[in-house]
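Engineer: Each chain is listed here by its residues.
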Amino acid sequence: MTHIKAEQPLSYLTNQLWGGNQILVAILGICSALGVTNRLSVAVTMGLAVSFVTAFSSFFVSLLRNITPDSVRMITQLTIISVFVIIIDQFLQAYFYSISKVMSVFVGLIITNCLVMGRAEGMAKNVPPIPAFLDGLGAGLGYAGVLFVIGAIRELFGFGQLFGYQIVPLHWYASLEFPDAYENLSIMVSPSAAFFLLGGMIGIYNWIDRK
Amino acid sequence: MPQEYTEKGERSVSEQQLSDKNSNSYTLVFITVLSIIAAIILSLLASVLEAPKVVAKDLDRSRQMMIAANILDREGSFLIDDGKGKPKKARLENGKLVAKSVDNIATQEQLLGIYKDRLQPLLVDSAGKLTTFEAAHINEQEYVSAHRKMGYYKQPLKLIYKILPQEKNNSDKELYANAAGWVIPMNGFGLWDAIYGYLAIASDGITVLGMTWYDHKETPGLGANIADAYWQEFFPGKKIFQQDASGNIDLNTAPLGITVVRGKVSEVYGSSSKANSAIDGMAGATLTGNGVTDAYTDVLKAYRPFLKHVNASYSTNKKEATS
Amino acid sequence: MWMGPYEPLNMLGLLIQAVFIENFLLANFLGMCTYLACSSKLKVANGLGLAVVFVLTVSGVLNWLVLKFITAPGALSWLSVFGLDASEVNLEFLQFLIFICVIAGFVQVLEIVIEKFVPALYQSLGLYLPLIAVNCAILGAVLFAVTRDYPFIPNLVYVFGSALGWWLAIALIAAIREKLATSNVLTDLRGIGITFMMTGLMAMSFQGFIGIKLAQPSGVVEPVAEAKVTPSKTDLESSKT
Numbered sequence: 010m011t012h013i014k015a016e017q018p019l020s021y022l023t024n025q026l027w028g029g030n031q032i033l034v035a036i037l038g039i040c041s042a043l044g045v046t047n048r049l050s051v052a053v054t055m056g057l058a059v060s061f062v063t064a065f066s067s068f069f070v071s072l073l074r075n076i077t078p079d080s081v082r083m084i085t086q087l088t089i090i091s092v093f094v095i096i097i098d099q100f101l102q103a104y105f106y107s108i109s110k111v112m113s114v115f116v117g118l119i120i121t122n123c124l125v126m127g128r129a130e131g132m133a134k135n136v137p138p139i140p141a142f143l144d145g146l147g148a149g150l151g152y153a154g155v156l157f158v159i160g161a162i163r164e165l166f167g168f169g170q171l172f173g174y175q176i177v178p179l180h181w182y183a184s185l186e187f188p189d190a191y192e193n194l195s196i197m198v199s200p201s202a203a204f205f206l207l208g209g210m211i212g213i214y215n216w217i218d219r220k
Numbered sequence: 104m105p106q107e108y109t110e111k112g113e114r115s116v117s118e119q120q121l122s123d124k125n126s127n128s129y130t131l132v133f134i135t136v137l138s139i140i141a142a143i144i145l146s147l148l149a150s151v152l153e154a155p156k157v158v159a160k161d162l163d164r165s166r167q168m169m170i171a172a173n174i175l176d177r178e179g180s181f182l183i184d185d186g187k188g189k190p191k192k193a194r195l196e197n198g199k200l201v202a203k204s205v206d207n208i209a210t211q212e213q214l215l216g217i218y219k220d221r222l223q224p225l226l227v228d229s230a231g232k233l234t235t236f237e238a239a240h241i242n243e244q245e246y247v248s249a250h251r252k253m254g255y256y257k258q259p260l261k262l263i264y265k266i267l268p269q270e271k272n273n274s275d276k277e278l279y280a281n282a283a284g285w286v287i288p289m290n291g292f293g294l295w296d297a298i299y300g301y302l303a304i305a306s307d308g309i310t311v312l313g314m315t316w317y318d319h320k321e322t323p324g325l326g327a328n329i330a331d332a333y334w335q336e337f338f339p340g341k342k343i344f345q346q347d348a349s350g351n352i353d354l355n356t357a358p359l360g361i362t363v364v365r366g367k368v369s370e371v372y373g374s375s376s377k378a379n380s381a382i383d384g385m386a387g388a389t390l391t392g393n394g395v396t397d398a399y400t401d402v403l404k405a406y407r408p409f410l411k412h413v414n415a416s417y418s419t420n421k422k423e424a425t426s
Numbered sequence: 126m127w128m129g130p131y132e133p134l135n136m137l138g139l140l141i142q143a144v145f146i147e148n149f150l151l152a153n154f155l156g157m158c159t160y161l162a163c164s165s166k167l168k169v170a171n172g173l174g175l176a177v178v179f180v181l182t183v184s185g186v187l188n189w190l191v192l193k194f195i196t197a198p199g200a201l202s203w204l205s206v207f208g209l210d211a212s213e214v215n216l217e218f219l220q221f222l223i224f225i226c227v228i229a230g231f232v233q234v235l236e237i238v239i240e241k242f243v244p245a246l247y248q249s250l251g252l253y254l255p256l257i258a259v260n261c262a263i264l265g266a267v268l269f270a271v272t273r274d275y276p277f278i279p280n281l282v283y284v285f286g287s288a289l290g291w292w293l294a295i296a297l298i299a300a301i302r303e304k305l306a307t308s309n310v311l312t313d314l315r316g317i318g319i320t321f322m323m324t325g326l327m328a329m330s331f332q333g334f335i336g337i338k339l340a341q342p343s344g345v346v347e348p349v350a351e352a353k354v355t356p357s358k359t360d361l362e363s364s365k366t
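Residue numbers (our numbering), protein chains in the order written: chain A, 10 to 220; chain B, 104 to 426; chain C, 126 to 366.
Errors might be hidden in some of the hints.
[Claimed, not checked] List of simulated lysine-lysine pairs, DSS-like, C-alpha gap at most 25 Å: (1) B:K156 / A:K110; (2) B:K377 / B:K342; (3) C:K193 / B:K320; (4) C:K304 / A:K110; (5) B:K252 / B:K192; (6) C:K193 / B:K160; (7) C:K193 / B:K156; (8) B:K367 / B:K265; (9) B:K367 / B:K341; (10) B:K219 / B:K192; (11) B:K252 / B:K156; (12) A:K110 / B:K252; (13) B:K252 / C:K193; (14) B:K160 / A:K110; (15) B:K320 / A:K110.
[Claimed, not checked] Some residues of chain A that are not near chain B, with every Cβ distance over 10 Å (derived): (16) L57; (17) P138; (18) F157; (19) Y191; (20) M210.
[Said to hold, decoys possible] Here are the computed distance ranges between Cβ atoms for each label pair: (21) B:L131 / C:V310: 50 to 56 Å; (22) A:L72 / B:L131: 17 to 23 Å; (23) C:F334 / A:Y174: 31 to 37 Å.
Just so you know, these hints were derived from the structure itself, not from any lab. No residue lacks a Cβ here, since even glycine has one placed at the ideal position from N, Cα and C.
Generate the whole structure from the sequences, applying the supplied hints.
Structural biologist: This is the structure we're talking about:
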């Protein structure tokens, strides 16, 4: 794992957005990227939730790094992460009930999201709190960015909508008079499409990186 | 000399134990303190958010029931019957709903208030007799949460909601009388997991007022369309009892339920009377549609005696009104 | 509490559903990270799969006990044995925390036990155990079982089947990856990119199982209302008039 020695704390954040993007480079945090990117609104909510959890848990893990015994390091990290995930879950249930119904168990699964643990283990326990916070925030935002792109493509081609608003004009669709007209690409609704898109995105990323 | 050394040695060992963060006692203390702090933070949060959470959940269910019963529209404003059977937008003024043509989004308290006012939970037995929760000595909250998953229709006393009309007269003693309609909680099994909805029936016991499926774990974009307004709006006006070829309904023998067909009803049934008990299917969601059809058949079967009663008293009232 | 409304035949259906139809890796996409890191060799994948089966089954049962006796609404009523009335206490918000601690704790204990008593097994499996504690699939299977509110035996069958399905998927993909290592893949897609596409194709093929509904409970529930006072005929008559 490359150790980033930066003078400016902000570079911790920007590093995570592209160069060290967690999904495309470190291949962490995949599970939820596939399960929740059907609809853009859900994908964005997930991205924001993960950013929140990663940033704050990295901050606290870093804060406690000097007094945490080695044998319970992982349990401590899990506890801190769980606290923040529960905060988000309760908040969603109280004020955004319809979204929490759609996301259901995936909110709880943020706890075991490799991305959050990866940042806590890989970075937060080695650096002071503020850089850890920025690093976590950057990782979360990089993740949210990838989720946004996949979600947008899936919703646009799978439903013809973005955020629930119809983008593909209704009169383009096939009907009794024009049975050969446009139809939604239903494979995009199935999660296997997310796999293809992700593989493609990694391929494109590698290609850009090579140049 | 050795004495001093041993004493000093012992003392420094125990000091070292406490400050060494890898020692057992330190670890134990650390974990205990961490757990306590985490528990305190979460308990505080949970107790603060307890009320909004309960409200959100009840609100969601109440809202769905009111949408099915045509008391609320999907954007969030109240509706009242304009006397000709067509719902009009309304606003809450002085405790009564008054027709207003502008959009008035109802607040949470208003929603819950009207819900309590207009929807009365009752129990009906297998012979079709109505009774209240108090008379049956059953705790409503316990009953509602205990049987939600397996279905109220499987119980000997089944849950049903009476839609009370705008203007109530004091004939609350008469459980059958003065109903603007009835709401039956629907249970079924979609593709992945149970589906829950509300079916609102008009006072004749035959025509559908509205339908909402509010809880499901179906595939987004496919089976999940049962929760979409677009699909639910096919339901009002359908008949749960299937008419025979001449348009009559024999309440004792007619098939009871609504069928989700593959494709469009107009293509499958044309203009035959079966079309009045069928709904367009959703492309790619045949299995969810089958689950919905089965839900109707299974649940409504349990309420048939009750629906016959309702229709009988409706026809009697109509005759009395016209004679 | 043990079987609820489920018949023994439903158990077989539940097993098949958990292994094939709702395969944790290919239909629910949980447990990807460890699978991607460790699936380049079939032997490694097998070791990991076996470990997951064991951990998930046991922690699934442990967490069911936690759910039943600690975090479900009204679950703490057993404290009345000690004279405490705790039936109103709702600890549902602590669910995630307790579940993950049980899982991590169990894995830790398991590691220690294996290291002490079966060192040979520790050599092959021991490395994966910490990895498994944070595997999305474990927490995921437990959470899914919670939302479906299974009784004890169906819960056991479900978590066992989910783990078996996970093992099946990871073994299949490791086998394919071993072959892919010597194939001529586009440079940019080599490694992870092509693995994703292969997994996508496999997920599509597993979609063919959708719709086989063997696990639906059809048993008759003992009606609760019978136990309470049933209204007498006169009560009903008077409430009608």
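Engineer: With reference to the structure, classify each hint as holding or not holding.
Structural biologist: A quick look at each hint next to the structure:
With a C-alpha separation of about 12 Å, the suggested pairing of K156 (chain B) with K110 (chain A) holds against the 25 Å cut-off. Straight-line distance between C-alpha atoms of K377 (chain B) and K342 (chain B) comes to about 9 Å, which keeps the hinted pair within the 25 Å bound. At most 25 Å may separate the alpha-carbon atoms for a hinted pair to count; K193 (chain C) and K320 (chain B) meet this at roughly 23 Å. A C-alpha spacing of about 42 Å is found between K304 (chain C) and K110 (chain A), which places the hinted pair above 25 Å, so the restraint is violated.
At roughly 34 Å between alpha-carbon atoms, K252 (chain B) and K192 (chain B) are farther apart than 25 Å, so this suggested pair is violated. Note on K193 (chain C) and K160 (chain B): the hinted pairing holds, with a Cα-Cα distance of about 22 Å set against a maximum of 25 Å. Between K193 (chain C) and K156 (chain B) the alpha-carbon distance is near 22 Å, which keeps this suggested pair within the 25 Å criterion. Proposed proximity of K367 (chain B) and K265 (chain B) is contradicted: the alpha carbons are some 32 Å apart, above 25 Å.
Under the criterion of a C-alpha separation no larger than 25 Å, the hint pairing K367 (chain B) with K341 (chain B) is consistent with the structure, at around 15 Å. Straight-line distance between C-alpha atoms of K219 (chain B) and K192 (chain B) comes to about 20 Å, which keeps the hinted pair within the 25 Å bound. A distance of roughly 20 Å separates the Cα atoms of K252 (chain B) and K156 (chain B); the hinted pair therefore holds under the 25 Å criterion. In summary, the hint linking K110 (chain A) to K252 (chain B) is supported, as the alpha carbons are separated by about 16 Å, within the 25 Å threshold.
Proposed proximity of K252 (chain B) and K193 (chain C) is supported: the alpha carbons are some 17 Å apart, at most 25 Å. Only pairs whose Cα atoms come within 25 Å are accepted, and K160 (chain B) paired with K110 (chain A) is accepted, the gap being roughly 10 Å. Distance check on the hinted pair: K320 (chain B) and K110 (chain A) sit about 9 Å apart at the alpha-carbon level, within 25 Å; holds. No beta-carbon of chain B is positioned within 10 Å of the beta-carbon of L57 (chain A); the least distance is around 19 Å.
With a closest Cβ-Cβ approach of about 17 Å to chain B, P138 (chain A) is found to remain outside the 10 Å limit, as its non-interface label requires. Distance check for F157 (chain A) against chain B: the nearest CB is about 17 Å away, which clears 10 Å, and the non-interface claim stands. A cut-off of 10 Å between C-beta atoms confirms that Y191 (chain A) is not in contact with chain B; the least separation is 14 Å. Distance check for M210 (chain A) against chain B: the nearest CB is about 21 Å away, which clears 10 Å, and the non-interface claim stands.
Here the CB-CB span from L131 (chain B) to V310 (chain C) is close to 52 Å, well matched to the stated 50 to 56 Å. For the pair L72 (chain A) and L131 (chain B), the beta carbons lie near 21 Å from each other, so the given range of 17 to 23 Å is met. Between F334 (chain C) and Y174 (chain A) the Cβ separation comes to about 34 Å, which falls inside the hinted range of 31 to 37 Å.
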